[in-house]
Every structure is written in C-alpha cells, then in structure tokens.
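S.K.: Single-letter residue listing:
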Amino acid sequence: MSGVAIAKTDGWEPKIVAFCCNWCSYGGADSAGMGRFQQPASARIIRVMCSGRIDPLHVFNAFLEGADAVLVTGCHIGDCHYVSGNDKTKIKYKYLENVVRELGIEKERLQLNWISASEGEKFANFIRDVTAQIKKLGPSPLKPEGVV
Amino acid sequence: MQKGEMYVGWSTKDDVRKRGGSGGLVTSMLAAALDKKLVDAVVVLKKINEFEAVPIITSDINEVLNSAGSLHSVPSHFAKLIANRNLKVALPAKGCDVRGIIEQGKRNAINMENTFIVGLNCGGSMHPVVTREMLEVMYKIKPEDVHGEEIEKGKLIFKTKDGKENAITIDELEEKGYGRRESCRYCTIKIPTNSDIACGNWGVTGDLVGKATFVEINSEKGARLLQNAVDAGYIQVQKPDEKGVAMRTKIKGVMEGLGQKWKDKIFVPMDNRLEYFRKELEHCIDCGACKAVCPTCSCGDVSKCTEYHFRSDAYKMSMYHLVRFLHLGDACIGCGQCSDVCPVDIPLTRLYRRFANPIQLELKYEPGMDTRKPPYFEVKLNE
Chain A
1 MSGVAIAKTD
11 GWEPKIVAFC
21 CNWCSYGGAD
31 SAGMGRFQQP
41 ASARIIRVMC
51 SGRIDPLHVF
61 NAFLEGADAV
71 LVTGCHIGDC
81 HYVSGNDKTK
91 IKYKYLENVV
101 RELGIEKERL
111 QLNWISASEG
121 EKFANFIRDV
131 TAQIKKLGPS
141 PLKPEGVV
Chain B
1001 MQKGEMYVGW
1011 STKDDVRKRG
1021 GSGGLVTSML
1031 AAALDKKLVD
1041 AVVVLKKINE
1051 FEAVPIITSD
1061 INEVLNSAGS
1071 LHSVPSHFAK
1081 LIANRNLKVA
1091 LPAKGCDVRG
1101 IIEQGKRNAI
1111 NMENTFIVGL
1121 NCGGSMHPVV
1131 TREMLEVMYK
1141 IKPEDVHGEE
1151 IEKGKLIFKT
1161 KDGKENAITI
1171 DELEEKGYGR
1181 RESCRYCTIK
1191 IPTNSDIACG
1201 NWGVTGDLVG
1211 KATFVEINSE
1221 KGARLLQNAV
1231 DAGYIQVQKP
1241 DEKGVAMRTK
1251 IKGVMEGLGQ
1261 KWKDKIFVPM
1271 DNRLEYFRKE
1281 LEHCIDCGAC
1291 KAVCPTCSCG
1301 DVSKCTEYHF
1311 RSDAYKMSMY
1321 HLVRFLHLGD
1331 ACIGCGQCSD
1341 VCPVDIPLTR
1351 LYRRFANPIQ
1361 LELKYEPGMD
1371 TRKPPYFEVK
1381 LNE
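So the protein lines, in turn, are chains A and B.
Residue numbering for the first sequence follows the numbering used here, beginning at 1 and increasing consecutively.
Residue numbering for the second sequence follows the numbering used here, beginning at 1001 and increasing consecutively.
These are calculated hints, taken from the structure and not from any lab test.
Model, not experiment: these values are computed from the prediction.
The C-beta atom is built at its ideal place from N, Cα and C for all residues, glycine as well.
Some hints could be false.
[As the list claims (entries may be wrong)] Label pairs and their in silico Cβ distance ranges:
#	chain 1	residue 1	chain 2	residue 2	range
1	B	Pro1358	A	Asn22	31 to 41 Å
2	B	Glu1175	A	Arg128	36 to 46 Å
3	A	Gly138	B	Val1254	43 to 53 Å
4	B	Pro1343	A	Gln38	48 to 58 Å
[As the list claims (entries may be wrong)] Which stretches of chain B does chain A cover? Using the computed rule of at least three CB atoms under 8 Å from a CB of chain A, they are:
#	segment
5	1160-1167
6	1312-1323
This is chain A alone, in the form it adopts within the complex:
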C-alpha cells in the first residue's frame, strides 16, 4: 500500500509509543510535568519495570497496531536498578534496530534514549523533537487501514 489513505492534514498528531523504565524515564516524565515543561500530547507512555523487559515483540506489536514511532527509554548505563538490565536493552536494541532498518522503516521511527528521573526537561525535549520529526515524515507505512 504505497498510497496511504489517511489525509496528512495540519491537525494530524502522530501516535508515539514510549516505553519508560519505572525507575528513571517514567520519573523523568513526571518531573517534566512538575517542572511545567511543555510537550505535545502525542506520546503514550507504557511503564515497564526495566528497559530490559522490553521485548522486541512489544515494539513490533506497537508498529503493527498503528504506532507512528516507538521510543525505548531507560536509565543511563551503569545506573540500572537491576544492575545490568540496560546493558541487555542495548544488545536487544541493536538487533531490533537492524530488523526495523532493513525492513525499510525510517530510522526516526525507532529511537533509544537514556533519561534519568531528574531529567524532566530532557524528556520533554525528546518527545517534542520526535513529534516534529514524525510530523514531517507522516503516518507510518505499517499503520493498518482505518487507524488514525
């Protein structure tokens, strides 16, 4: 389906699925709110106990169900609540990235970022940047028909 049926109107907001680690980036999202940093309402946050819990299957499912971008966020390397969880994320992400790239999906649609609980501004900026990038790209080519 090369011609995506969904109109790219000005009002279109991308759907972004953000996987957030309970101990860092989820807190980061909280402090972004508390610090009143403005961010677009495009992100749907899914809390996981550790970024290492994020199975590549979750990411594929998000894409198949109509996500325009998927963000994988976790603690900075060395700060993992479970000692080596984010090291495993790094390895998994390498494979995941390879599949998504080779599949022909734009690299902006899958991103990895390390955000700690105190970095509210970083979180807000990240969401803002990704939203702007995806708005430029338009809806994901994997989005099923009928899903906005």
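Knowing the structure of chain A, use the given hints to seat chain B on it.
M.R.: Okay, now just chain B, sitting in the frame of chain A:
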C-alpha cells in the same frame, strides 16, 4: 594421529570402494565407529531413487555399508534429526549441517561430546524437483533413465542407464535458473573446518583420482574417529603429496570467491524494502514449515514466533516473520531449508539473509563456525 594432520585414504572393502563416492572412506569410517562401539548409532541416507533419499539413524553396520553415498540432489539436513535425542552418534555432514549441529549444541539440544561430525566438502546441492525439470528441459533426458551423477571441472554430468554421459557446465545451467540451490551459490563455507574431520575429493592427485578421499583432522574427536577406522582395518591412509594440498587450497579459494561474487550479486541494496518484503510474504499461509525445518531453531512447538502471532492481527506484516527475522539475525546459517520446504515458494532464505548479513558482519559473528555464544544472549556486548 593429531589435530591439523592431513591424509589421503580409501576403504579396504572392494565393493564399498567401488560403489561409494571417492573410495568409500566416509562410509567405512562410520561403519568402523559403529563396529568398535565408538558410537551407538550412525546417520546415513537411504536411497529411494536417484533424486530421493531419506536420512535414517541406524545401528546396523550393513545398512551403513549399503547406504546411498553422495547424492547432489538431496538437500537434507541432519541437525534437527539428532537434536533432543541424547544419542552417541557419528554422522556425515555438509558445511551447513555442521553449522546447524553446532548451533543446536549451543542451545543444549545436542551433546557435542557425544557427536562425531564427519564434514564433507560441498560445492552445493540441488533441489530434487528443479533437477527433474532441468533434466527434461536442459539435458533432454527422462529423469527415470538417470543412473548416477557427478560434478567434474565445473560440469554437471548425468549418466543414463544406456551408459551415455551428458555434461553441461554449471554456469550455463545457473544462468537459465537451474543448477544449485540459491543458498548454495552464495555459500562461502566449502570445506567444513568446523567439523571434527573434513573429507572430500579435492586434493586427491594422480592414480587415486576418484578412488580416494582427502582427509583433514580438525579436532581430537576426529583423530579418534580416523585412528579407530585404521586400527579396525576398515580404511587405509597415506600422506598426501604437496601438489594435492596446494590444489585443495586453490579449489577452496576459487569456490569461496565465486560464492562471494554471488552474494554481492543477489544482495544488492534496495529502495522501498518494506514493499518488497510485504509482497514476498503476502502469500504466506502460516504453515510454520520454515520454522519446523530450521536447523538453528530449538524453541520447540511453543515459541514466541507462533504463540504471539494471530492472523487477524497481522494487518500489514505477520508477527511470525518479524520475530523470525529478529531471532535469525545472529542464528541464520543460510542453509536454504526454509526456501526448499515453503509450499508457496517464498524465497525465505534470501529474506532472512537480508536481515542476518548486516548484523553478523557488524558483530563479527559467524553462527556455527565456532562455539562462541550468540551475542544476543550475552549480558554485555564485547565491543
């Protein structure tokens, strides 16, 4: 006998030497291993006709001595056959069989201590159905009339029952879309150095051509296997001449170069890949045959790729294939079994290799070539 040594050898039994390929050394070595209780079972091919053979696990020496020998049009794979059986077994294996067995060993489905792998040099195998068609179209002979085949000097030779020999070069056949399976064309493992003992007719010189096998010992187990066969009087070995060793290295180099060339030709960079993958996978009927034959998959019946895949949810791409693309990233050995069994003829090996090539190159990991743990299972990536 030690690791790293090379020999030229043949069977001492006249009928085996005549019937088996290249002096019947492999057949006799397997029979000797069974005879002297080095192993409990041996895997051999039981011939049905010129194009078909079934692999069987046997403990009967006569069955081993009467086995099919080498057939180019039987792309069987032994790794899954011996997995999860806890056998003490010796088996002949092409490069991709060896890689499959080692990958199963890494996943604890095969005990490598108890498995003696007799590696066979392999320039490629052919699909039986394609071979039949090729015989009718290219050679203009009936498949039923064929009585033996051979590859010599880049030519594929079919002998008919009336004693005639028909030869066409492999390059010509492959130009027309016949010949070796696609995965064999771009395979770059021609001499299985990862096996216990590598056997083949490359490097046999002089009077012995066609009557002896060149052997290279790659491990302690391999040395034990060969020593056992010599002691039991099943085979005879001698040192190879320098010319032979040089010739073997040369053939290996040429074949691997050709493989690399095919690889560059098939895996050209491509735009609009998503459309390409969607088009290729559009006929998939979810039979799961590609997973069932995959020699590196050891998940069993309950696995991530099948349990989380629902046909009704696969709006634009099937979850089954997405998970397989990911899991085979560091496991795909490019054996071509998935393409062979696919009932709707999806070129699956080509698709899987598209995902596996870049990541295997990046991580410098060749599955099945050594006992290195797959990087996916490491806690921290060694960079």
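S.K.: Are there hints from earlier that the structure breaks, and if so, what are their numbers?
M.R.: 2 and 5
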